[in-house]
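Could you build all of it, start to finish, from the sequences and the hints given here?
Protein chains: 4
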Amino acid sequence: MDRVKVSILGSTGLVGQWMVKLLANHSFIEVIKLSASPGKVGRKYGEVVHWFLPGDVPEYARDLVLVSTDPSDHKDVDVVLSALPNDVANAVESKLLASGLNVISNASPERMNPRVPLINPEVNWNHLTVLREVKGNWLVKNPNCTAAIISMPLKPINELIRELHIVTLQSVSGAGYLGISYLAIDGNVIPFIKGEEEKIDAEINKMLGNQYVDHYVPWGKNVYVTTTRVPVKYGHMAVIHAVLNDSIDQKQIIERLRGFRSFPQEQELPTAPREPIKVLDRVDAPQPMRDLDPMAVSVGRVLVRNNILRMVVLGDNLVRGAAGITILTLETMKALKIL
Amino acid sequence: MDRVKVSILGSTGLVGQWMVKLLANHSFIEVIKLSASPGKVGRKYGEVVHWFLPGDVPEYARDLVLVSTDPSDHKDVDVVLSALPNDVANAVESKLLASGLNVISNASPERMNPRVPLINPEVNWNHLTVLREVKGNWLVKNPNCTAAIISMPLKPINELIRELHIVTLQSVSGAGYLGISYLAIDGNVIPFIKGEEEKIDAEINKMLGNQYVDHYVPWGKNVYVTTTRVPVKYGHMAVIHAVLNDSIDQKQIIERLRGFRSFPQEQELPTAPREPIKVLDRVDAPQPMRDLDPMAVSVGRVLVRNNILRMVVLGDNLVRGAAGITILTLETMKALKIL
Amino acid sequence: MDRVKVSILGSTGLVGQWMVKLLANHSFIEVIKLSASPGKVGRKYGEVVHWFLPGDVPEYARDLVLVSTDPSDHKDVDVVLSALPNDVANAVESKLLASGLNVISNASPERMNPRVPLINPEVNWNHLTVLREVKGNWLVKNPNCTAAIISMPLKPINELIRELHIVTLQSVSGAGYLGISYLAIDGNVIPFIKGEEEKIDAEINKMLGNQYVDHYVPWGKNVYVTTTRVPVKYGHMAVIHAVLNDSIDQKQIIERLRGFRSFPQEQELPTAPREPIKVLDRVDAPQPMRDLDPMAVSVGRVLVRNNILRMVVLGDNLVRGAAGITILTLETMKALKIL
Amino acid sequence: MDRVKVSILGSTGLVGQWMVKLLANHSFIEVIKLSASPGKVGRKYGEVVHWFLPGDVPEYARDLVLVSTDPSDHKDVDVVLSALPNDVANAVESKLLASGLNVISNASPERMNPRVPLINPEVNWNHLTVLREVKGNWLVKNPNCTAAIISMPLKPINELIRELHIVTLQSVSGAGYLGISYLAIDGNVIPFIKGEEEKIDAEINKMLGNQYVDHYVPWGKNVYVTTTRVPVKYGHMAVIHAVLNDSIDQKQIIERLRGFRSFPQEQELPTAPREPIKVLDRVDAPQPMRDLDPMAVSVGRVLVRNNILRMVVLGDNLVRGAAGITILTLETMKALKIL
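For the record, the sequence lines run as chains Z, F, R and C. Here the first sequence is numbered in numbering that gives the first Met the number 0, starting from 0 and rising by one per residue. Here the second sequence is numbered in numbering that gives the first Met the number 0, starting from 0 and rising by one per residue. Here the third sequence is numbered in numbering that gives the first Met the number 0, starting from 0 and rising by one per residue. Here the fourth sequence is numbered in numbering that gives the first Met the number 0, starting from 0 and rising by one per residue.
Calculated from the structure, these hints are not laboratory results. Treat the numbers as computed from the prediction; the structure is a model and nothing was measured. There's no promise every hint is true.
To be verified - Derived pair list, reagent style SDA-like, types lysine to any residue, alpha-carbon separation capped at 25 Å: (1) Lys232/Z / Glu267/R; (2) Lys220/R / Ser246/C; (3) Lys232/R / Arg289/C; (4) Lys198/F / Ile307/Z; (5) Lys193/F / Lys220/F; (6) Lys198/C / Ile307/R; (7) Lys4/Z / Asp62/Z; (8) Lys277/F / Val47/R; (9) Lys193/C / Arg281/R; (10) Lys198/R / Ser246/C; (11) Lys232/R / Asp290/C; (12) Lys220/F / Arg289/F; (13) Lys39/R / Val303/F; (14) Lys20/C / Asp280/Z; (15) Lys232/R / Arg289/F; (16) Lys220/F / Leu243/Z; (17) Lys277/C / Val47/Z; (18) Lys232/F / Leu52/R; (19) Lys154/R / Val47/R; (20) Lys220/R / Val303/C; (21) Lys193/Z / Ile307/R; (22) Lys20/Z / Arg110/C; (23) Lys277/F / Arg61/R; (24) Lys232/F / Phe191/C; (25) Lys277/R / Val47/F; (26) Lys39/R / Lys43/F; (27) Lys250/F / Glu197/Z; (28) Lys39/F / Gly178/C; (29) Lys193/F / Lys39/C; (30) Lys198/Z / Val303/F; (31) Lys232/F / Tyr233/C; (32) Lys193/C / Trp50/F; (33) Lys43/F / Lys232/R.
Unchecked claim - So the derived list for chain C, only partly shown, Cβ under 7 Å to chain F, looks like this: (34) Asn24; (35) Met111; (36) Val171; (37) Tyr176; (38) Ile179; (39) Tyr181; (40) Leu182.
All C-beta atoms, glycine included, are put in the ideal place defined by N, C-alpha and C.
Structure below.
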């Protein structure tokens with residue numbers, strides 16, 4: 000397979016570091032540029048990065064000299080992967096797109112742009128096919144971390160659902176390494192995350208809907224979401240109460256979830272989890288400290304009572320919810336020969 | 000007002016300690032006996048208790064010699080207050096009742112007994128009036144800590160509700176001082192609390208229903224509950240999505256909640272909060288570390304969208320949810336002249 | 000007693016908030032100006048401050064309009080109290096001094112200036128008397144929070160000591176409300192606090208030494224210090240191994256510590272703790288969650304073996320270590336008629 | 000090499016689980032029996048164990064049926080490895096020894112028995128050689144977890160030391176999985192661990208001394224220790240202030256620590272870390288969350304001032320401090336042909 004050359008924007012942040020780590024020794028994606036904020040440009044990645052992840056900085060990245068976000072610094076790249084913070088992403092990504100570059104981005108701006116596919120590969124890889132009809136370069140967005148995790152177990156049962164009640168318990172790393180102070184969150188719950196509830200509702204509706212070249216038709220279900228921040232380091236959890244059109248045997252639900260496979264699994268893409276939804280039988284699962292999987296979503300406490308399906312969902316907000324989903328999207332595009 | 004003489008069962012546990020503390024200098028309730036497990040009987044409370052609460056052991060309690068749970072040790076008492084653990088409560092309380100004593104208890108056994116009033120004073124003080132028709136001694140139960148907190152803001156809007164979706168985030172103290180180890184819960188969420196979901200559903204339906212001398216008629220609404228344990232020390236939180244019969248202006252909801260007053264407020268009972276439901280305007284309220292009130296319930300994030308009312312509720316699981324509710328129940332019974 | 004008019008610099012930070020709180024209803028100190036960073040100037044304190052402390056913003060402060068740090072905004076003030084961060088303190092305080100104002104400051108610059116008294120009132124109130132010989136306005140500094148706590152139990156035994164080995168376990172609030180992120184410190188220990196070890200050594204030597212108008216003579220003992228940051232919210236702890244000149248009975252040490260009273264106690268100053276050193280007998284004391292006192296220092300685990308005295312010391316880094324010590328210093332100066 | 004057949008006592012506890020995990024796929028040690036408390040005997044390990052460690056229960060262990068601690072259940076075993084709690088260890092181990100079995104044990108009883116070698120392999124592997132002169136079966140003890148960690152960096156500089164001041168910051172797992180409740184330790188420090196200070200002093204003196212067949216001669220230095228429990232899950236830290244006989248260049252100290260290799264390294268024993276002492280240059284190292292190594296000890300903040308050497312030491316209390324040291328001891332004995 001041809002190699003794909005990429006650069007990573009925001010490479011020294013938590014999500015950027017995960018991209019750097021996950022792309023070490025990738026079978027066909029090659030990182031040739033790492034970019035960071037102006038103060039770090041020109042210095043070696045290994046000397047500048049405050050490495051937060053287990054293990055050491057991957058060897059290939061250590062001596063890469065950090066470049067700017069300017070298009071001129073990304074000329075020989077096939078795709079730019081963006082792990083930029085939301086507040087700077089729009090300006091930078093717009094410039095890169097205007098210069099003719101392809102971008103896959105985790106940042107929130109333009110996610111709801113009707114022409115921009117919003118992709119969680121197992122859920123709506125087929126939305127990518129609209130890009131075949133697009134001339135020139137493109138922008139692909141990945142969803143909000145929580146929407147990425149929640150949309151997975153909704154996919155195989157989506158036509159059974161009438162309405163959703165979702166309460167999230169989201170980890171501190173979702174706000175970045177320095178995002179929340181110990182005094183603010185230790186032993187506490189903050190039942191508010193700015194903008195998050197609206198994003199989850201809209202993005203789930205976009206991903207579970209239909210995408211066309213210049214517009215999309217949303218799924219069209221009411222998604223009532225309350226988000227909370229809890230003193231957990233890694234892993235977002237969500238309790239889902241799904242109002243179903245009819246009651247249905249809960250064993251059937253579990254079978255559908257367990258049996259779910261999609262394009263990334265069929266193609267055996269390098270970053271795809273073999274089993275994207277792990278249904279756990281332990282009565283007190285899933286727990287962030289015990290059951291977190293980088294790319295698969297863990298589901299527990301599945302129960303149907305009347306026409307209400309309850310399940311508890313857990314996923315890795317930094318990998319499935321951010322760095323990993325971007326890479327899997329790129330792998331999917333390659334397999335679809337869009338790239 | 001005549002003084003009421005009480006004894007406290009389980010006085011060295013977390014809930015028992017709160018009873019001991021709240022009854023120091025009470026205007027008409029007098030603690031004359033403290034009881035504890037066999038190994039501690041005969042020793043002074045102040046020497047035996049591992050005091051967990053802020054401040055010192057109240058002076059009145061220090062030199063009280065601990066008695067057993069045997070009826071003979073509670074003869075000259077008007078009411079026995081029980082803070083016993085659920086697993087020993089049934090045997091002990093049955094014996095006390097058989098001997099002719101009155102009991103108000105926090106423990107779970109007999110809560111759903113059709114003849115036993117289950118009381119959260121502001122919510123269903125009127126259920127106590129059936130005891131006027133009862134000859135001899137009585138048993139009154141207080142609800143599960145989470146049911147005590149959640150039932151409060153449901154009361155003033157209960158006739159608007161068709162169905163409830165509730166997700167709780169409960170603190171570690173709900174399992175007792177030694178109940179959950181640091182390794183098990185720090186940085187973790189455990190989305191399962193044994194028996195809790197069933198209790199919350201059943202007890203809310205009992206308290207919001209009608210009580211008669213020998214049976215009760217439940218509220219009759221579906222209450223879908225998922226309970227989780229979070230690394231918070233004190234305070235239980237619940238996210239409530241209430242399906243309403245019709246849409247309703249959210250300002251009206253807030254007014255009803257804020258304006259709610261009940262018998263304990265009208266009677267200005269010593270332990271009654273002046274304002275039982277505090278609706279907080281801060282966008283990120285309520286938080287256990289900032290907004291916990293011993294007897295009032297804090298409500299935030301009130302939102303109506305379509306016919307769904309969302310609110311986040313926080314209450315003190317050890318005071319409103321346990322020790323305080325027992326004392327307020329006794330005060331209410333005294334004001335109703337049942338005692 | 001004449002009233003003293005003060006302003007508070009850095010009034011919206013953690014230490015500034017404690018000053019605002021402690022000065023509500025003070026018998027002779029009156030806060031007439033609150034100052035904050037440029038972006039907040041001109042707005043009401045109650046609207047701007049993100050209040051971190053228990054209880055509400057004191058009523059007197061709510062409607063005070065924030066002023067700048069410029070001398071012109073502090074003209075009618077007797078003393079300026081500074082709770083500024085170390086990095087901006089020097090420039091601001093210099094300007095205020097140059098304009099003829101008196102300053103008592105918590106910030107680290109100028110603490111080791113030979114002409115500036117460094118004051119922990121119970122320990123070296125007498126150093127303040129040199130100011131009687133100074134014409135014009137003055138600067139008084141308070142020590143580093145840990146030095147404030149540690150110096151207290153050293154004072155009554157200082158002449159017995161030959162050398163000190165100190166290991167600190169310092170709480171997160173010492174770095175400010177937003178100072179340390181949850182991801183960095185939860186479940187972790189960071190055995191390094193920049194500049195702290197040098198400050199503790201130097202400041203203890205200055206406070207336990209002799210102060211003259213234009214120089215000081217240090218105590219002259221070796222103080223070997225290792226500082227660590229632990230996941231605790233409030234309260235700094237230190238384990239002290241003091242090498243004594245001779246062995247001494249540990250009961251005598253305890254008596255000296257317990258019996259210690261100084262000028263603030265004799266004068267019954269409003270902020271002075273009645274008993275500045277609390278020696279706790281509980282075998283596992285002192286603990287931040289159980290034994291923290293705002294102005295007194297708690298001491299436990301006192302043991303003499305050979306000529307080594309071991310004790311564990313705990314104090315409130317924000318009150319005794321910062322806001323409270325400044326107020327007590329002002330009270331002491333008033334009692335000494337320096338003001 | 001001949002295979003060694005072992006059984007593990009206390010195999011379902013934290014330390015026992017680590018032994019089970021570390022011995023999966025061992026090149027010459029084979030676990031043939033797992034033993035647990037009476038209530039679990041007769042059931043399969045995989046069904047009974049509440050597995051706390053990362054990853055799954057090793058395959059070999061899942062179907063092993065748990066046996067008792069009775070000698071008759073360990074007949075065909077070469078060595079019994081004991082991960083028993085201290086309070087039951089003595090009775091059980093005595094019985095096994097009396098029946099002629101060999102035992103290597105982590106439990107504290109008999110550690111100071113003059114005839115029993117107390118072994119941290121890199122530190123005093125040579126103490127094992129006295130067993131060559133012993134007829135019949137033997138008991139070997141491993142030290143207290145903190146003593147195991149601290150003794151390592153003391154070994155290569157032991158002859159320079161006159162006296163030690165040690166303050167420990169020990170993790171919660173040292174008290175077992177259920178040992179310390181969240182309410183007791185979160186956000187707190189407990190400056191007392193029962194019996195720990197005496198053990199560390201005595202055991203370091205025994206390990207750094209000389210062992211003979213029927214007695215030992217201790218190192219003979221004063222070791223002043225204060226132990227504290229901190230809210231950290233895994234890893235014990237110690238701050239060491241060593242009073243040296245003379246001042247010495249700190250680079251020399253670092254070289255000695257870094258260059259230290261011992262018998263287990265020379266023999267390339269399977270469980271031996273290649274570099275037993277890792278000296279870290281990062282200014283804020285070592286930290287439990289970032290720098291914990293299973294078998295090596297991490298050292299940071301090395302500083303010599305006057306004749307005082309300061310260093311901060313971190314080690315894994317469950318592996319180097321318990322399960323790993325036992326296995327390494329067995330490997331060492333095999334290499335010494337004592338077994």
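Here's how the hints hold up against the structure:
For the proposed pair Lys232/Z and Glu267/R, the alpha carbon gap of about 48 Å is over 25 Å, so the pair is violated. Straight-line distance between C-alpha atoms of Lys220/R and Ser246/C comes to about 18 Å, which keeps the hinted pair within the 25 Å bound. Distance check on the hinted pair: Lys232/R and Arg289/C sit about 21 Å apart at the alpha-carbon level, within 25 Å; holds. For the proposed pair Lys198/F and Ile307/Z, the alpha carbon gap of about 18 Å is at most 25 Å, so the pair holds.
Between Lys193/F and Lys220/F the alpha-carbon distance is near 22 Å, which keeps this suggested pair within the 25 Å criterion. Of the supplied pair hints, the one linking Lys198/C and Ile307/R holds, its CA atoms being roughly 18 Å apart against a limit of 25 Å. For the given pair, Lys4/Z sits about 17 Å from Asp62/Z by alpha-carbon distance, which is consistent with the 25 Å threshold. A distance of roughly 23 Å separates the Cα atoms of Lys277/F and Val47/R; the hinted pair therefore holds under the 25 Å criterion.
For the suggested pair Lys193/C and Arg281/R, the alpha carbons sit about 13 Å apart, so the restraint of at most 25 Å is met. The hinted pair formed by Lys198/R and Ser246/C meets the criterion: a straight-line CA distance of about 23 Å does not exceed 25 Å. A C-alpha spacing of about 23 Å is found between Lys232/R and Asp290/C, which places the hinted pair at or below 25 Å, so the restraint holds. A hinted pair counts as satisfied when its Cα atoms are at most 25 Å apart, and Lys220/F with Arg289/F does not qualify at roughly 33 Å.
A distance of roughly 35 Å separates the Cα atoms of Lys39/R and Val303/F; the hinted pair therefore is violated under the 25 Å criterion. In summary, the hint linking Lys20/C to Asp280/Z is supported, as the alpha carbons are separated by about 23 Å, within the 25 Å threshold. Between Lys232/R and Arg289/F the alpha-carbon distance is near 14 Å, which keeps this suggested pair within the 25 Å criterion. Taken as a hint, the Lys220/F and Leu243/Z pair is honoured in the structure, with Cα atoms around 18 Å apart against an allowance of 25 Å.
This hinted pair checks out: Lys277/C and Val47/Z have alpha carbons roughly 23 Å apart, not beyond 25 Å. At most 25 Å may separate the alpha-carbon atoms for a hinted pair to count; Lys232/F and Leu52/R meet this at roughly 18 Å. A C-alpha spacing of about 41 Å is found between Lys154/R and Val47/R, which places the hinted pair above 25 Å, so the restraint is violated. For a cut-off of 25 Å, the pair hint linking Lys220/R to Val303/C stands: about 17 Å separates their Cα positions.
Distance hint between Lys193/Z and Ile307/R is unfulfilled; the C-alpha atoms sit about 56 Å from each other, more than 25 Å. Proposed proximity of Lys20/Z and Arg110/C is contradicted: the alpha carbons are some 46 Å apart, above 25 Å. The straight-line distance between the Cα atoms of Lys277/F and Arg61/R is roughly 21 Å, inside the 25 Å bound, and the hint therefore holds. Proposed proximity of Lys232/F and Phe191/C is supported: the alpha carbons are some 22 Å apart, at most 25 Å.
Taking the CA atoms of Lys277/R and Val47/F, the gap is about 23 Å. The hint holds against a cut of 25 Å. Note on Lys39/R and Lys43/F: the hinted pairing is violated, with a Cα-Cα distance of about 56 Å set against a maximum of 25 Å. Between Lys250/F and Glu197/Z the alpha-carbon distance is near 21 Å, which keeps this suggested pair within the 25 Å criterion. Straight-line distance between C-alpha atoms of Lys39/F and Gly178/C comes to about 22 Å, which keeps the hinted pair within the 25 Å bound.
Distance hint between Lys193/F and Lys39/C is fulfilled; the C-alpha atoms sit about 23 Å from each other, no more than 25 Å. For the hint pairing Lys198/Z with Val303/F, the CA-to-CA distance comes to about 18 Å; that is within 25 Å, so the pair holds. This hinted pair checks out: Lys232/F and Tyr233/C have alpha carbons roughly 21 Å apart, not beyond 25 Å. Taking the CA atoms of Lys193/C and Trp50/F, the gap is about 20 Å. The hint holds against a cut of 25 Å.
Restraint check: the Cα-Cα separation between Lys43/F and Lys232/R comes to about 34 Å, which exceeds 25 Å; the hinted pair is violated. Because the closest C-beta pair between Asn24/C and chain F is about 27 Å apart, greater than 7 Å, the hint is violated. Checking Met111/C against chain F: minimum C-beta separation of about 30 Å lies over 7 Å; hint violated. Restraint check, Val171/C versus chain F: the minimum CB separation of about 5 Å is within 7 Å; hint holds.
The interface hint given for Tyr176/C holds, since its Cβ lies 5 Å from the closest Cβ of chain F, which is under the 7 Å cut-off. Restraint check, Ile179/C versus chain F: the minimum CB separation of about 5 Å is within 7 Å; hint holds. With a cut of 7 Å, the hint placing Tyr181/C at the interface with chain F holds, because the nearest CB-to-CB distance is about 5 Å. Using the Cβ-Cβ criterion of 7 Å, the hint placing Leu182/C at the interface with chain F is satisfied: the shortest such distance is roughly 5 Å.
Hint check: violations occur at hints 1, 12, 13, 19, 21, 22, 26, 33, 34 and 35; the rest are consistent with the structure.
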